[in-house]
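Asker: Order-wise, the sequence lines are chains W and E. Numbering (the UniProt record's numbering) for the first sequence: 1 to 504. Numbering (the UniProt record's numbering) for the second sequence: 1 to 478.
Hints in this document: simulated from the structure, not taken from any laboratory. Yeah, the Cβ is synthetic: ideal placement off N, Cα and C, and Gly gets one too.
In silico contact screen, one side only, chain W against chain E (beta carbon under 8 Å); selected entries:
no. : residue
1   : 71
2   : 72
3   : 144
4   : 154
5   : 155
6   : 161
7   : 162
8   : 166
9   : 169
10  : 170
11  : 174
12  : 180
13  : 185
14  : 187
15  : 188
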Amino acid sequence: MLTSYPILSTLIWLPIIGGLLVLFAGRNNDTVAKWLSLIVAGLTFILSIPLWANFNYGTAEMQFVEQIPWIPMFNVQYYLGVDGLSMPLVLLTTFTQVLVIASAWECIKERIEQYMGAFLIMGGIMVGVFTALDSILFYVFWEALLIPMFIVIGKWGGPRRVYATMKFFLYTFFGSVFMLVSFLYMYWQSGSFSILDFHELPLGMTAQILIFLAFLIAFAVKIPMFPVHTWLPDAHVEAPTAGSVVLAAIMLKMGGYGFVRFSLPITPDASMQLDWLVIALSLIAIVYIGIVALVQSDMKKLVAYSSISHMGFVTLGMFLVYDIVASHGTMEGAQLGMEGAMVQMISHGFISGAMFLAIGVLYDRMHTREISAYSGVVNKMPWFVMFAVLFAMANVGLPGTSGFVGEFMVILSSFKANVWYGTLAALTLIIGAAYTLWMVKRVFFGPVTNENVEGLQDLNKREFAIMATLAIAVVALGVFPAPLMEVMHTSVENLLVQATTTKL
Amino acid sequence: MNFVIPSFAPAIPEITLLILASLILVADTFWSKRFQNATYYATQASLLVAGYLVLSSFSVEQVFTFNDSFVRDSFADVLKLFTVAISLGIFLFAREYLAQHRFMSGEFFVLGLFGVLGMFVMISANNFITMYLGLEIMSLAMYAMIALRKYDGVAVEAGMKYFVLGALATGMLLYGFSMIYGATGTITFPEMKAVIASGKADGIVLAFGVVFVVIGLAFKMGAVPFHMWMPDVYHGSPTAVTLYLGTAPKLAGFAMVYRLLYEAMPGLVGDWQQLIIIISILSMVIGSIVAIAQDNLKRMLAYSGIGHVGFLLLGVIAATDDGFSAAMFFIIVYAITGVAGFGMITALSRTGFEFDRVSDFKGLNAKNPWLALMMLIVMFSMAGIPPFVGFWAKIVVIEEVVKAGFTWIAVIAVITAVISAFYYLRVVKSMYFDKSEIQGPVEIISPALHWGVSFVAILLLALGLLPGSLIDLCYLSI
Chain W
1 MLTSYPILST LIWLPIIGGL LVLFAGRNND TVAKWLSLIV AGLTFILSIP
51 LWANFNYGTA EMQFVEQIPW IPMFNVQYYL GVDGLSMPLV LLTTFTQVLV
101 IASAWECIKE RIEQYMGAFL IMGGIMVGVF TALDSILFYV FWEALLIPMF
151 IVIGKWGGPR RVYATMKFFL YTFFGSVFML VSFLYMYWQS GSFSILDFHE
201 LPLGMTAQIL IFLAFLIAFA VKIPMFPVHT WLPDAHVEAP TAGSVVLAAI
251 MLKMGGYGFV RFSLPITPDA SMQLDWLVIA LSLIAIVYIG IVALVQSDMK
301 KLVAYSSISH MGFVTLGMFL VYDIVASHGT MEGAQLGMEG AMVQMISHGF
351 ISGAMFLAIG VLYDRMHTRE ISAYSGVVNK MPWFVMFAVL FAMANVGLPG
401 TSGFVGEFMV ILSSFKANVW YGTLAALTLI IGAAYTLWMV KRVFFGPVTN
451 ENVEGLQDLN KREFAIMATL AIAVVALGVF PAPLMEVMHT SVENLLVQAT
501 TTKL
Chain E
1 MNFVIPSFAP AIPEITLLIL ASLILVADTF WSKRFQNATY YATQASLLVA
51 GYLVLSSFSV EQVFTFNDSF VRDSFADVLK LFTVAISLGI FLFAREYLAQ
101 HRFMSGEFFV LGLFGVLGMF VMISANNFIT MYLGLEIMSL AMYAMIALRK
151 YDGVAVEAGM KYFVLGALAT GMLLYGFSMI YGATGTITFP EMKAVIASGK
201 ADGIVLAFGV VFVVIGLAFK MGAVPFHMWM PDVYHGSPTA VTLYLGTAPK
251 LAGFAMVYRL LYEAMPGLVG DWQQLIIIIS ILSMVIGSIV AIAQDNLKRM
301 LAYSGIGHVG FLLLGVIAAT DDGFSAAMFF IIVYAITGVA GFGMITALSR
351 TGFEFDRVSD FKGLNAKNPW LALMMLIVMF SMAGIPPFVG FWAKIVVIEE
401 VVKAGFTWIA VIAVITAVIS AFYYLRVVKS MYFDKSEIQG PVEIISPALH
451 WGVSFVAILL LALGLLPGSL IDLCYLSI
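Excised from the complex, chain E in its bound form (with noise of 0.2 Å):
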């Protein structure tokens, strides 16, 4: 028996997260209060370090690793990247939120970073395994930071329902997982796709496993019908932890989808093209109809990403190198808003106080009309208006599912995209035309968090203007 030594090199930017991230949460536990800041500076650090060594290590080619369980290639590095700048914002933007609420405390930052790994290791997961290492490790991490506040019973609770719920999906993506092993006699996606194609399989039992393993993504994602967690955890979360939720992960959720449904079973196509274009559209239709009612921001953002979820679909629909390109800008550009959305929520909150109710928006315009336009810029973004870069989001995936000779759903999709700007508007009816509730002024304390929320956003613009270089690398990296 020969031991073959694998070759490290691929998963440099995981290992070396895990390292550090195991570094970090010992000298947390060193560091007194009068370094309450080490561990965020030292996550931010981590982050920086693990976006370099991806970034080296850009190349076109694909590059397998640990007996074929890790694959390294462009499509993995780009949203690698784009998890690590998005995380590098959510980390700015919830150390003020946390230093406010007076629950300063490394864990969230330690957690946060696992969960990074998490999705890299999702993102480049080349085999059933692997797959479900990088979820757990992520959503572990995930169910911790929503009952960080342990005297917190809303949180609490929420992080029990996400813990269930979650728990279930997994159950489900791993029932699936079995039969599809059982049917192809393989884990790794690039032979179990072969298997697939050679006809050889069995077909029943392929099509229950992609069933599941189908509800299980849509149980991740947050798609309908399997979507119940999604309001209560984003409304029941610290702002700080729903701002991770409601962001990062999205892109690892995104690579699961291509990694497990286009790389590992395009030959089931038509099998599952069928069940994504079912969920697609009563995503959009419940996301766009329910947020409507709902006057908690956190929760209509909820609704709205359920919304999202099922655009995003639209380029899963097409089942094409460009239907997942498109998918994949539409993701990175959705995360960016969302770090904007749920980060003028968190730069807004106070102690004791959440700034997350529609009605808190009220006036923003009289008080500060430089928030207001801000958030005016992240509302219309989601809404899918031009200039703004939600727009070139919703276009590309539209594009590619009338490419596809869908366009009926295309036009379900810009229906539910009128309905759903009723809610947008709305919040921008309420910072410039309404007579504000809060007394004293509105404004940010902190400069790094002003500008920071002003930079995601007036990035909204100008991606918005200039949208070719990120669709470009979309396009180019798959």
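Same shape as in the complex, but just chain W (with noise of 0.2 Å):
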């Protein structure tokens, strides 16, 4: 094991550290800031790899721990760890970081050092809200990526940026505040801000409902559920493409994960209690959300919608084993939506982020999203072309992409719950179908009937090597999904004994 060096301290702090760097280092002088970004990003990834390597499969104890008193007169410490559940969310984020640095390359032209530092320090904050034991730094670290991104879709975004950003920044900051007197409520109680401890801390059912409705409340804006949804499209349709490539294929996930941290294991029983309430809202989110995309004609507000309905099968995923077990008295089905739901994370943090750089790029050479402008891009950008289909493919779920896996562990698993929660989450198959087929058609095949069309280039290198990255991981973890459930078997049956043990 390599417990001899700070792994995760490094994955945070090296890119902050880095970002501080490149915002004083590239101030005039674009270049430096562009290839310091990409070296300290790079740098970032290829020091992640360990983690994976090095990753011992049998156990749900956390890895790689770090323990240092930050602040004794509290017990709050800066305390670090990952598990199955958290670490490839760790390498999703630092794969990602790479990617959106490289994105920037070209279409950010004013205060390129700026960006590129919110968007290094954003990383390592992202890392650091995966790893912490510790709820105090957890809420810091939270708490902390809200405001790079506040300057990053503020400062760079599109007409309605501020208001976009100004929604963004107070439903999320607005959610969380009641996560963090959850957190004092239960130091109060435990004399410890340690996450492992709140995990054993016995809580009485008025105190779990109220804590896990505050951790709803928080979880539910991040990730985000209906009817707290409505930030994502204004951030997402406002914000630059690496800013929405952040916000999709990671921030999302940390309301996610923030379901299977907090509210399963720490208040089982109220969640047994409330499941149904969050499972109708999935349910929504997948179908009338759903709905929702296929009216859009903003390819990007499409897909920030499409979005919020595949996170609406995580959410369903995670939730159904209260069902599963009180039907079947099994784990076996549980296991199965579990899982699925957080492949569905991994994989929906690669889709989207493809998905909406294809757009970027798009956007970069014709300056608009609107579906309707566009028309038989394939005829002057084949390759381009070949990747976009690709993805819009995986994101309807495509066997043999990274989107069916998520989707059919999902809806295998709540078929075994309720049939009809089974019915309606494979609805989304067809209404997915429905929107991103037809937007497809639309923007890539067909004449060309529009002049600017006519004038566009073809994939740089660049950008090639982008899609190409990004179609072999939809690819991989289309066809081979194993590796990844393996790292969080143990970690997921781990949870599913704390979601099902009561604590009263």
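Reassemble the complex: the two chains are provided individually, in unrelated frames, and hints are given to aid placement.
Answerer: Laid out in structure tokens, this is it:
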């Protein structure tokens, strides 16, 4: 084991310090800013690979743990560690960072050092969110992330960026403060801020329900769930490409991660009591938001709604466990649903990232995201369309792509819980296909009717490399998801035990 | 009749400050224009001397003197040290402002120094008389400072307002003092505590006394519903004076709350806790909502200050050692943040131009990214967003109020924190997303000011990353 060097701290602080460095070294020198950022992001990704290579699959214990007292008076610790639930998300973050930095290469012209620096800092903070085992440390990272994102959307975004960024900040800040109060309440009960101690903490039913609701507000806003999702389409539409990618690929996952790290293990009884609420909201998201996506005329908005719909699968898969245990008395199907939810998170990270990058490629050339402004792009950009169609297919859930694996597992497991859940969830295959393929048809195929489309250039080498990397990831996860599931397996089992063991 | 000479040792810093301030006052009238900075340097030197004297006598034990009217303990020492540190910053920032606005006068510094003396006395007060004495020394200095620019009608009006309302508050406080004295027969805090605990005092008179004392305190602290003077006074005063009003006296104000409510009347917690809960919630709600409508940054910061007082009182509601320690940490952080915030306005103001509207900050990032970053830190710290120290300040007081069993108040507090985030964000929005309305570059001319502002802002980040020692200090000193 590589325990001698603090790998998690490195993954957090290397990009943050690198980001600050870019902020100063890159002022007035874009080349330095770009290359320095790429080097830092690349190095962070390379340094994150040992996490996987040295990961112990056989245990649900936290690994690569680092623990130092931070504020002894309150027993707040700088406490980091990963298990099978968080490790893949850390890798997803470091991986996405490289692509995000590369994607901004030419399209950002104004204050590029601030842009790159903000993304590097965000990368470090996001790793912090996924690895923090002290709730206050978690909260610090969780909130700190808002600051660079606020700036990125507000500064480099579209015409209504200020409205969108304020809405984004206030919604997510509003959601999370209740989580903070819950942490303080649990600290008062247990004398510790450690998340693992919270898992053990016995809580009465009333307390559990209140804490569950506080968590639900925080994570529902973040993931986001119906009806608090409205900030997401605004934020996406106005955000620059890289901002959208980080939002969709990683920030939304923080909400899902919150459910498995906090809600299910800390408030199992309240989760059992209120699982219908989450399931209902998830199904509404899957079906209703899917239909909303159908009528969008802006590509980014369409993909944003599609994200909300897909994240509905994540929450659905997570909260099926109680119905399955109730009706079958076995955890088997529940395991499938939970792992499906986790796979869906990773896969959605790749796919949504890829979709937003693809839209970004078009936007850089045409400066519009209106579907109606495009037609017959395939004639001018065959390479691009090849990738874009692959990502669209993955978004639909075509077997052989990563989108299929997670959705299939969740649908299967939801049939086990309740036929109606399964039927409603499976509807998404139709709705998803409808909105995605219809967009593909209108944008990529058909005759070229517009002279702007006539002048389109196909992908350059940099864009090709980004697209190809994501394509490989999407296909690899689609045909061979086993390694990912192996990583999660023990931790998911452990989580299910925690989620079904009563604390009363 | 035998007269015992009291021990002067515990009050050495105050005595020294008094002597030095008087000397500077006299000397200032003789220093000609050629030495116009002499008063400033003398003032800063006096503060350093006072700080050194406090530090050199630092010990954890309590020492009483002057017939138990004066106390020197670690609580007092810590607050005095921060008062000195913050005043040093205030005078540093104020000097450039005064020079720019052409009313460079020694009075500002001399009055400021007397104000610091008043704060010291308040912090160390152990009976009603000393408390009153300290409060009046401080307040009188501030009334005069606000109206210092005597041709400026707005400032004079602000001074007038502050004087009238301040006198009213003092009256309330004195009325409360007299009732409590009547009921307990003592003016010294520890004795008062004992008498109240013995249950021999008349409960009704005490309760009335407490109400008046709390009203007086709320007036002085600027808590709702006795806050009306604050926005006008903050706005009307020259920014250098606002910087002074909005920071250091808060520490003394907190000391007053601590000494009166917790050291003298812990037995009446049932009476004052209810009042403080109402005042605290009202302050947080009104402070955060009304601030949204302000375009003037000084006014906005005044309402933000009202909201912050509400937060401070959360620690007071807990009515425990830990609660007051949390409140102490909160108020120290608030004072530091205030120096950074008002300091930024002071530093950016020019001759004939107060850089104090939110719209003045438009496009600051494009013109001066460093200053914009510093202001961003200040604003996010005030909003209580990690990793800046303002977050820890809010979290410790909320934690104490949760611990005291008032989780619902904590929920109200965090909701008001979200509301107030809106107007801090608006400043960041102006700096980063809007186009500047000001011609030419925006910069701080004096390097001392530039680094001073930067130092305080970076301190907010550094304390946010490593808040442990300051929190420990506050918890160990009560």
